[in-house]
Amino acid sequence: MCHESEPGATRSIAKWAACALFLLQAGVASAQATPSAVTPPVVVRHVDPIYPANELASSKHGDVNVLMTIDTEGHVSSAEVAASTDPDLDASALEAARQWQFTPAMRDGVAIPSRIRVPFHFAPPAPDPVVEPAASDLAVAGNTAHEPPRDPEEVHEALHETKASEPLGPEEVLVRGRRAPVSRGASDFDIRVGQLAIIPKANASDFLKLAPGIMLSNEGGEGHAEQVFLRGFDAREGQDIEFSVGGVPINESGNLHGNGYADTHFIIPELVESLRVVEGPFDPRQGNYAVAGSANYELGLDKRGLTAKGTYGSWGTKRLVLTWGPEETTRHTFAGVEAFETDGFGRNRDATRASAMAQYEGKLGGAGSYRILATAYAAQYHSAGVIRADDYKNGRIGFYDSYAQPAFTNEKIAGGGNSSRFSLSWDMDAKYGAVPLTNQIYLIKRGLRSLENFTGFLEDTQDPLQSIHAQRGDMSDLSVDEWTIGSRGSSRFEATVFTQKQTLEFGYFARLDLVKASQQRLQASDGVPYKTEADLDSTLTDIGLYADANIQFQPWLHLRGGPRIDVFSFDINNKCAAKYKGEHLNPNNLPIDASCLTQQDQGRPREANQRLTTSSVALMPRASLIVGPFANVTFSASYGQGVRSLDPIAITQDIKTPFARIHAYEGGASYAHDIRDVSIVARTVAFQTYVDRDIMFDEKQGRNVVGVGTTRTGWLGSIRAIGSFFDESINLTFVRSTYNDSNLLVAYVPDVVLRSDTAFFKELPWSVAGRRPRVALGTGITYVGPRALPLGQRSQNIVTVDAQTTLTWWHYEIGLTATNIFNRQYRLGEYNFASDFHSQPQPTLVPERHFTAGAPRGIFATLAINLGGS
Amino acid sequence: MRAVAVACALMALSCGSTGGDTIDFPLAAAGPADAVAGRPLEFSNDKGWHVVLSKATLHIGGVYLNESRPISGGQALECFLEGTYVAQQTSALTVDLLTPALQRFPALMHGTTTPAQVGQVWLTGARIDDTKDRTRILVIEGVADRAGVSKKFLGALRMGANQQLKKGDLPGAFPPCKDRIVAPVDAEITVRPVGGLVLRIDPRKFFGGVDFGALPNGTFSDGSKNTQDTLLSTNLHAAQKGGPYVFEWADDL
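So the sequence lines, in the order shown, correspond to chains A and B.
Per this note's numbering, the first sequence starts with residue 1, numbered consecutively.
Per this note's numbering, the second sequence starts with residue 1001, numbered consecutively.
Keep in mind the hints are simulated off the structure, nothing from the lab.
Among the hints, a few may not be true.
Said to hold, decoys possible - Computed list of lysine-lysine pairs in BS3-like fashion (alpha-carbon distance at most 27 Å, straight line):
#, chain 1, residue 1, chain 2, residue 2
1, A, Lys431, A, Lys516
2, A, Lys363, A, Lys393
3, A, Lys412, B, Lys1132
4, B, Lys1178, A, Lys579
5, B, Lys1241, B, Lys1178
6, B, Lys1178, B, Lys1151
Stated by the list, open to error - Take a look, some chain B residues computed to stay more than 10 Å from chain A by CB distance:
#, residue
7, Arg1127
8, Asp1130
9, Gly1218
Stated by the list, open to error - Chain A stretches covered by chain B per the calculated footprint, using a threshold of three residues with CB under 8 Å from any CB of chain B:
#, region
10, 735-746
11, 781-794
12, 805-816
13, 839-848
Glycine included, each C-beta is placed from N, C-alpha and C at the ideal position.
Next comes chain A alone, as it looks inside the complex:
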């Protein structure tokens, strides 16, 4: 990382692409290797080139590629220009380059000479204020979680490769780059996992906690999507957050559980390299479901070679992960398999899952690349469901227990379900002529069966057209079978206007979903379905176009954004369209006990199905003003609109689908600087969002329903500090969420969320068999304040502390993990609604507090062996 910057160069306006690339490279240096186990050099001191005074009048921009040869001491033994546009710029670049210092490249632990290519970009200086070198900015780009606003010219994702060389000759390190999206302000978090990977994570969703204001809950079990709360939004299982992995959408359009349901369990945490979270709809690339924001996982594997990692611990939990990263390839080429099994920490909490992910990254043209990603995932799980607080208080049921047992409901089928996901995608990032192009196509097959019973025996009331029955139970059996095919792409045009470089990007998004979804109710006694509530075949399309401009008025003043337009079309075959009781049916042919009727009034025949089609257009302007940096502080102000398309079950023929539309406003500042060898990034953001039609979970229906408008106002702050032996990320969010019509609080969303992730890592001062062991300790602390509940109630707060320690020596690593280390009994989710689980002599019909139990303390031991890696 860029530990040190030459003070005398502070007036230099040279850009920092070189440093960024080195930093990115440094982030992987420890794990990447050439075929002969070469570790690339790492920058420890850089000096900024000075913009030549004789070029000031012309204010020209220019690029210089410098080839540096680094000796075994880490000094630059020679520097030469590989590509140039101007002799004066060449001279300045070479002068600076010769002063850089590195940790030398290593082969099998021995320092060797190496050669590396560094591009410098020159831009004229801003007259006032002085733009100070933003070494720390770049440091965070490469290594930290909270990246400050990025300049498109500065930050690339590095694709590092080495070329074969003579045994003692210099190694040449070439750097290919993929352009990272430009920052949209202080709420745009480019989270590099880095050393924080040691923090215990149950699954890939836990990475979200590195972004401020996020709380995760799960009432549905290990294979059920996490419920995500973000900045005052109850985004349910992802319906208000646009999720993607490597650009491939995760949200499921047409999922009857909730339109936009997003299950990230298929992502193997060891393969997550970074996560971009945009809290708000401020980037024109954000599409459907980006109401509260978006989260895109980028995959990569630092640890090359074959790594086998086994975990065994509490509740019979067993986990095996195999990862493989061929050494001659980049970290974006990998394969990984995960197998997981647990009995769970209480009744009906067992789960089994397996996941496989493989990606290949290849070169495309002179500087481009392509990636092929394949994923496969299958899971079966059970869910304990909710517990009534009054039953727990009166000793009728245990904290970690479940109602699905003979003492209560005599359920023959417990909650839970099955989940599967298979996907294949191909994407490319290349430059054709002067125009950078990206494109991606993907195919996804998704299956879900979800069994949930929130209300026990409450909803199966006697209908006159039904045979006499007692309450048969409210277990809902929801199934989704979905195919998704889609593509996205962009091209960007650049021009210099008024001495400033301007860019304009055009992009598209196209997606087709073919969905079969149904929901039935099952008899508790034998699991036989007794009622069909919904049965839909849906064909859903979403075609979006956007324009994204990056207008640079001055080097310190950018206006970024543009409009996005999405056209949604719905073609629904409702196969259970007639469900009314129909008092005027044919008395000689009564459809006794039928869920989906084939009669209408007066007994006239009809088919059970009905086709519904409609479409609608959403126009969403988005803009961010980026000002700075001034004294390492960058200010931003953003506005954006986002939409969430309507559930297919709510579609009406030819009625324009009423989107849930959000208007989001925010202002913030980010600070990025190196203090000695500690890189610090801090942010503060004030925000307000307005949603005209929010969603709420209806426990009676077992799915989400559309509600009234809501407003959220809040503040968040975050700090990430990275030193030579530690990595700390802490964030705090306050938010007030209210209904627009009554000004009452929105239930269930947390208004205070605090999260701290800390990692310490150090090589021990002594060696074993010539190799130094490395120890690491990571802790994750979560505090969620009391959440507002219906009927003026407040939930209990949540405080959890997780920790993990590892000892690494040579190819081996042992680890010990403790989750909920203080064994605090806490309620992960709390709800107020009516239910009847036969726990009292007569039905309980009044809303009562329910909760889902958080896990007690768990202890897990891990052993990992790496073969073939460096």
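Based on the hints, put chain B in the right spot on chain A.
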């Protein structure tokens, strides 16, 4: 000082409420206020019978309050009301109807501060849809006199299998719960922090229209086997204003 101000502002963000509240309060049942404890209840019915009721107990399996009054005949026929239930008593009590003393249910009633409109009195000894319930719901005993004719009577009514289903009815028109739930009883009640809910039951109104002279063997029986049985059963289920059941709030409970 500035930090304190910022902290206060931030704390203010986390204030507020979703509206409403939950509350637990006592529920008691009693006979008519003009009854005298330990003495039979004497009255005359509209058939001219002078009745001396020496025993009258009613087993109540549960009591519920709902925020919505049924708006149609269809809704009124449902066992479970469409609106949100705002209070419930799920424990049972056998009430002596010959005393005005308040007899508390063994558990507190649980509810919300949402105003109620109607109530339900569940006359059951088991789960509401249990067809094998043999609990004696109403037990009565007394003497009726008219024009020099004296008739002893007694009865022990159970609420077992569906008693109302008739030929031609839709199969689910009269589930067992229909026989066991008295609803909708007028109950415009707003729960307050002080006091409790009182359900007064006047057994005199069970005998409206009953002709004791036509009662076979002086015994009321289950299953509406004759007109007098049906009259008693109908009166027992009379939920309308002026019927046997009255909800009221008592601050001194």
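Under the criterion that the straight-line Cα-Cα distance not exceed 27 Å, is the pair A/Lys431, A/Lys516 satisfied? Not satisfied, since the Cα-Cα distance of roughly 40 Å exceeds 27 Å.
Decide if the proposed pair is consistent with the structure: B/Lys1178 and B/Lys1151, CA atoms, cutoff 27 Å inclusive. violated, 31 Å
Any Cβ of chain A at or closer than 10 Å to B/Arg1127, or is the non-interface label fine? At roughly 7 Å from the nearest Cβ of chain A, B/Arg1127 sits no farther out than 10 Å, so the non-interface label is violated.
Non-interface claim for B/Gly1218, where every Cβ of chain A lies beyond 10 Å: holds, 33 Å
Restraint check for A/Lys412 with B/Lys1132, where alpha carbons must lie at most 27 Å apart: holds, 23 Å
Restraint status (C-alpha distance of A/Lys363 to A/Lys393 at most 27 Å): violated, 63 Å
Verify the coverage statement for the region 839-848 of chain A against chain B, using a C-beta to C-beta distance below 8 Å and requiring 3 or more qualifying residues. holds (count 9)
With a cut-off of 27 Å on the C-alpha distance, tell me whether B/Lys1178 and A/Lys579 pass. holds, 24 Å
Sort out whether B/Lys1178 lies within 27 Å of B/Lys1241, counting only the CA atoms. Given that 27 Å is the threshold and the Cα spacing comes to 19 Å, the pair holds.
Hey, is B/Asp1130 genuinely clear of chain A, shortest beta carbon separation above 10 Å? Non-interface label on B/Asp1130 violated, nearest chain A Cβ at 8 Å vs cutoff 10 Å.
Coverage of the region 781-794 of chain A by chain B, judged on three or more residues with CB within 8 Å: holds (count 7)
Outcome, coverage of the region 805-816 of chain A by chain B - at least 3 residues whose beta-carbon is closer than 8 Å to one in that chain: Not satisfied, violated; 0 residues make the cut.
This entry does not satisfy hints 1, 2, 6, 7, 8, 12, going by the numbered hints stated previously.
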